[in-house]
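Trainee: Order-wise, the sequence lines are chains D and A. Just add 10 to the spot in the first sequence (first one is 1) and you have the working numbering. Just add 1 to the spot in the second sequence (first one is 1) and you have the working numbering.
Any given hint might turn out to be false.
Here are the simulated DMTMM-like cross-link-like pairs (lysine to aspartate or glutamate), alpha carbons at most 20 Å apart as the crow flies [as the list claims (entries may be wrong)]:
no. : chain 1 : residue 1 : chain 2 : residue 2
1   : D       : 100       : D       : 111
2   : A       : 106       : A       : 292
3   : A       : 227       : D       : 111
4   : A       : 227       : D       : 103
5   : A       : 288       : A       : 246
6   : A       : 106       : A       : 351
Hints in this document: simulated from the structure, not taken from any laboratory.
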Amino acid sequence: MMDSAQNLHLEEGQAPPPETPQAHLRDFLGALLLLLVSVAFAIAALQIPFQTSNWVWYTSPGIFALIMAVCLGACSAAVGYRGIRGWLSKRHEVSPTSWRESFQRWGMGRFFASVAIILVYIVLLGKVPFLVVSVGLILTLGTAFREGRFWDALRPSLVAALVVVVLAYAIRKVFGIMLP
Amino acid sequence: MDILSILNGFWRLLLDPVTVLYVVIGSQAGILFGMMPGLTTTTALSLLTGLTFSLAPEKAIAVILGAYVGSVTGGSRSAILINIPGTPAQAAVCLDGYPLALQGKAAQAIGLSVTASTLGTLIGFISLALFTPLLGTLALRFGTWEFFWLAVFGVVVAGSLCSPMDPIKGWIAGFLGLLINVVGDDGIHAVPRFTFNSIQLSGGFSLIPVLIGAYGVPEVLNAIRKREKMVIQTRVDRVVPRFREVFRHRWIILRSSVIGIIIGIIPGVGSDTAAWLSYFTAKRGSKHPEEFGKGSIEGLVAAETGDNACIGGDIIPTITLAVPGSAPAAVLLAALTIHNLRPGPLLVTEQPHVVGQIIAISMLATIAVFLLSLLWVRQMVRLLLIPRNVLMPAVLIICVTGAYALSGRLFDIYVMFGFGLVGVLLQELEYPIAPFVLGFILGPMAEDNVRRALVITAGDPTPFFTRPISLVLFGLLVLSLVGPTSLGRGIKSRIVGLWSRKG
Numbered sequence: 011m012m013d014s015a016q017n018l019h020l021e022e023g024q025a026p027p028p029e030t031p032q033a034h035l036r037d038f039l040g041a042l043l044l045l046l047v048s049v050a051f052a053i054a055a056l057q058i059p060f061q062t063s064n065w066v067w068y069t070s071p072g073i074f075a076l077i078m079a080v081c082l083g084a085c086s087a088a089v090g091y092r093g094i095r096g097w098l099s100k101r102h103e104v105s106p107t108s109w110r111e112s113f114q115r116w117g118m119g120r121f122f123a124s125v126a127i128i129l130v131y132i133v134l135l136g137k138v139p140f141l142v143v144s145v146g147l148i149l150t151l152g153t154a155f156r157e158g159r160f161w162d163a164l165r166p167s168l169v170a171a172l173v174v175v176v177l178a179y180a181i182r183k184v185f186g187i188m189l190p
Numbered sequence: 002m003d004i005l006s007i008l009n010g011f012w013r014l015l016l017d018p019v020t021v022l023y024v025v026i027g028s029q030a031g032i033l034f035g036m037m038p039g040l041t042t043t044t045a046l047s048l049l050t051g052l053t054f055s056l057a058p059e060k061a062i063a064v065i066l067g068a069y070v071g072s073v074t075g076g077s078r079s080a081i082l083i084n085i086p087g088t089p090a091q092a093a094v095c096l097d098g099y100p101l102a103l104q105g106k107a108a109q110a111i112g113l114s115v116t117a118s119t120l121g122t123l124i125g126f127i128s129l130a131l132f133t134p135l136l137g138t139l140a141l142r143f144g145t146w147e148f149f150w151l152a153v154f155g156v157v158v159a160g161s162l163c164s165p166m167d168p169i170k171g172w173i174a175g176f177l178g179l180l181i182n183v184v185g186d187d188g189i190h191a192v193p194r195f196t197f198n199s200i201q202l203s204g205g206f207s208l209i210p211v212l213i214g215a216y217g218v219p220e221v222l223n224a225i226r227k228r229e230k231m232v233i234q235t236r237v238d239r240v241v242p243r244f245r246e247v248f249r250h251r252w253i254i255l256r257s258s259v260i261g262i263i264i265g266i267i268p269g270v271g272s273d274t275a276a277w278l279s280y281f282t283a284k285r286g287s288k289h290p291e292e293f294g295k296g297s298i299e300g301l302v303a304a305e306t307g308d309n310a311c312i313g314g315d316i317i318p319t320i321t322l323a324v325p326g327s328a329p330a331a332v333l334l335a336a337l338t339i340h341n342l343r344p345g346p347l348l349v350t351e352q353p354h355v356v357g358q359i360i361a362i363s364m365l366a367t368i369a370v371f372l373l374s375l376l377w378v379r380q381m382v383r384l385l386l387i388p389r390n391v392l393m394p395a396v397l398i399i400c401v402t403g404a405y406a407l408s409g410r411l412f413d414i415y416v417m418f419g420f421g422l423v424g425v426l427l428q429e430l431e432y433p434i435a436p437f438v439l440g441f442i443l444g445p446m447a448e449d450n451v452r453r454a455l456v457i458t459a460g461d462p463t464p465f466f467t468r469p470i471s472l473v474l475f476g477l478l479v480l481s482l483v484g485p486t487s488l489g490r491g492i493k494s495r496i497v498g499l500w501s502r503k504g
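Full structure from sequences and hints, please.
Mentor: Encoded structure:
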C-alpha cells in the first residue's frame, strides 16, 4: 500500500501532516495568519448589535459570521499549536542557508516578478485600451520568463498575442461581451 | 420527472441546431482546456460561465456542460503524452498512460482512455436520469433545518475528503469560504457587513471572479514560477480502439462507473478521488497487479472511467438539492442560478423539462467529446508544444475577460486577482481549495436557513436535532467530524476489534 499512499499525495491538499521543521513553521505562520483573519471578522461581527428593534440575537446579521469566525479561529489555533510545537522540537535540524535555497527552488523571484507585472497590467486596465495592454502583458511575460533566446521566445509570444486579439474580438462579437 | 421529460428534452435539443452547435463548441473548448496542464475543469467552467452570460440559458448551459465533459476527458491527453495531468483528476491516468506512451502505445492508450471516459460518462448520466427524480422527491421533505445541515455537512465532508491526511486544514478552508461569503449586505435586514463603507463591497464578492481567481490565477502564477522541461511523445497512430479490447474490460468499466457515481454524489468530492479509488480498486481486483504503474491498460481504463462517471454523480445533488457534488459542479450550480434556473427540489418537480434538457445536453456532449477526441488527436498533440510561459499569460487575459464579463466592473478583476493570491497561499500552505469554494457557494444556504429556522421556532434550536432527516444529517456531520480524528480512529479500531473477536 506504500505506493498508493504516495500516489494519493499527488492530489490537491492530500499531503501528510508536515514532518520537516520548515513545514511546521509554515503551518504555524499560515495558521497565525488565518487566526488574525478570524479575530478581525469576530471583532467586526461583535460591532453589529445582537438585539435591536428589528432583530433578536438569533436573526442578528452578525451571528453567523461570529460563529464561523470562532470555528475558523479554533481550528487555526489547533493547527498553529501543532505547528509551533513541531518547530520547537525540530528547529535545530534547520541549517542557516536552507531557507534561501528553498525560496530559490520554489521560484520566489519569478513569482514576485510575475505578480508585479500583473499588478501593473491590472492598474493599466481601464486607462489604456484593453487589447494594447493585454498584448503588452503577453509579450512581457512571454519574453521575460523565457527559457532560451529572446528572439525564439518573441515569435510564439507574438502568435499568442495575435490569437488573444482574435479571441477577444470573437468574444465581443459572438457573446456580446464588453471588454475592460 | 420521467423518461418522457428526458425524451422531450432530447427532442427540443435536436430541433435546435444552434444549441447543438454550442454543445460541440463547448465540448471542444473543454477538451482544449482539459488537455492543457494546469487548467482545471473548474477554471474552464468558471471562465465559460462568465463568457456565456449574455447567451440564452439553454445555450449557455449547453456550452458549460459540453466543456464539463470535454475537460474531464481531455485531461488524459497530456497525462498520457507528457506525464502531466491536464486536470488533477487525471493524476491517476499518468501512472499507466505515460508508461504506455513510452512503450509506443500512445495511440492505443488515448483511444482506450477516450472510450472508457465516454462509457463512464454515459453510465454516470444514466444514473443521473434514474436518481434525480428519486432524490428530487425525497428532497421535497427537506425543510429549512435540513438544508442548513446539508450545507454544513457538504462543507465539512468536502474538507475531510479533500484533505484526508490532515482534515482540519480542509475544514479551515471550508470555514474560510463560509466566512468570506458574509461580506456584503445582509440578505434579511440589508445591514452592511464588513464592507468598510465601500459601495463595491456592499454586493459582496461575486462568485465567478472568486472562482476564476481561486482556480485560474494560481495556475498561471505557478506555471510562470516553475521551470519545467516536457518530453512529449508525439508519435500517435491508430486511436480508434478495437471493440474486443473494450469488451474485455467491461467489468472494470462497470465497477469504476459505480465508484465514480457514488463519489460524485458526495458533496464537494470530485473526479480526482473517484479516479484514485477506481484505480486502487482495479489494482486490488486485478490478476496482474504488478503491471499497475508500469503501463497497465486496466489501471488506465479504471481511472478514466471513474473520473468521468463522477460527472453524472456530481450533477445529481447539484440539481436536486442545490448542493454541488464537486467544485466544477459548484460552478454549474452558479451558472444555473445566474440564468434564473434555481436548482433544488422545485426544479425537478416544477420544471422537469429543464432537468430533461440538462440530461439530454450532457448525453449529446458525451457523444460530441468522444468524436472530437478521436478526430483531432494529432493536431491537438501539437498544442502541447506551446511554451507554458506564453500560453499562461494568454489564459490570464481570458480569465480577466471572464471575470469582467458578468457585471462589467473593474472591481471584479481586482477581486479575481486578490482571490488568486489567496489561492496561491492556500495551495502553498497545503489547504485544499475545493472546500473553500464550496463554503463560499453554500454560505448563503447555511446562513439563510439557520436564521429562518430560528425565526420559525422563535429561537428554539431543538428541531435541528429532533426532525428525523435533520437528525440523520447531524449524525453524519458528527461522524465526518469525529471520524478522521484520533478519537474516531480509536472508536473504529475498537469496533473492528470487537467484531473480529466475535467472529
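Trainee: If a hint holds in the structure, say so; if it does not, say that too.
Mentor: Okay, the hints, checked on the actual structure:
Restraint check: the Cα-Cα separation between residue 100 (chain D) and residue 111 (chain D) comes to about 19 Å, which is no more than 20 Å; the hinted pair holds. The straight-line distance between the Cα atoms of residue 106 (chain A) and residue 292 (chain A) is roughly 15 Å, inside the 20 Å bound, and the hint therefore holds. Restraint check: the Cα-Cα separation between residue 227 (chain A) and residue 111 (chain D) comes to about 15 Å, which is no more than 20 Å; the hinted pair holds. Distance restraint check for residue 227 (chain A) and residue 103 (chain D): the Cα-Cα separation of roughly 27 Å exceeds the 20 Å cut-off, and the hinted pair is therefore not satisfied.
With a C-alpha separation of about 17 Å, the suggested pair residue 288 (chain A) and residue 246 (chain A) falls inside the 20 Å cut-off, and the hint holds. Taking the CA atoms of residue 106 (chain A) and residue 351 (chain A), the gap is near 50 Å; set against the 20 Å cutoff, the hint is violated.
Checked against the numbered hints above, the structure violates hints 4 and 6; every other hint is satisfied.
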